[in-house]
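A.B. asks: For reference, the chains in residue letters:
Number of protein chains: 2
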Amino acid sequence: MCEANAYLVKEGKEELILEDLSILRPEKDELYLQNIFGEQKRIKARIKEMNLIDHRILLEEG
Amino acid sequence: MCEANAYLVKEGKEELILEDLSILRPEKDELYLQNIFGEQKRIKARIKEMNLIDHRILLEEG
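So the sequences go chain by chain: A and B.
FYI, the numbering for the first sequence is 2 to 63, going by this note's numbering.
FYI, the numbering for the second sequence is 2 to 63, going by this note's numbering.
Incorrect hints may have been included.
A pair counts as met if it fits within one copy or between any two copies, since identical chains are not told apart.
Restricting the straight-line Cα-Cα distance to at most 16 Å, the calculated cross-link-like pairs of lysine to aspartate or glutamate (EDC-like) are [claimed, not checked]:
hint, residue 1, residue 2
1, K29, E50
2, K49, D30
3, K49, E16
4, K49, E31
5, K45, E28
6, K45, E61
If you're looking for bench data, these hints aren't it; they were derived computationally from the structure.
A quick note: this is a predicted structure, and the numbers were derived from the prediction, not measured.
Using the sequences and the hints, build the whole thing.
C.D. replies: What follows is the structure, given as structure tokens:
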């Protein structure tokens, strides 16, 4: 499984937003996220760092 | 292998920027990319779309 989990970093804490992410797409001032189960989320955030080895995508409020 | 390849989309064509990407981090007006071999690149671009199932990260000039 090559998907990653998306976390929102807020005041130094990481909040899990979506597991097993397959698609991430910036749209205007938000991010569109979709996982392998077809779950979709939009969140007002930007990418802070992606680490595909650790399967982690860190987001921060934009 | 869970890494993805990064492509720059330019005039409808995709140019391979870095293979086997492990880390991607936005820095000011550029993106920092690192692959599993320790190769590093900085490119003035933004993320257009990531598809982790297809192992593809599409970038566009920012």
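A.B. asks: For each hint, tell me whether it holds in the structure or not.
C.D. replies: Do the hints match the structure? See the list:
{"no.": "1", "hint": "K29 x E50", "in the structure": "between (19 Å within a copy, 13 Å between copies)"}
{"no.": "2", "hint": "K49 x D30", "in the structure": "both (14 Å within a copy, 13 Å between copies)"}
{"no.": "3", "hint": "K49 x E16", "in the structure": "within (14 Å within a copy, 24 Å between copies)"}
{"no.": "4", "hint": "K49 x E31", "in the structure": "both (13 Å within a copy, 12 Å between copies)"}
{"no.": "5", "hint": "K45 x E28", "in the structure": "within (10 Å within a copy, 19 Å between copies)"}
{"no.": "6", "hint": "K45 x E61", "in the structure": "within (9 Å within a copy, 20 Å between copies)"}
Hint check: no violations occur; every hint is consistent with the structure.
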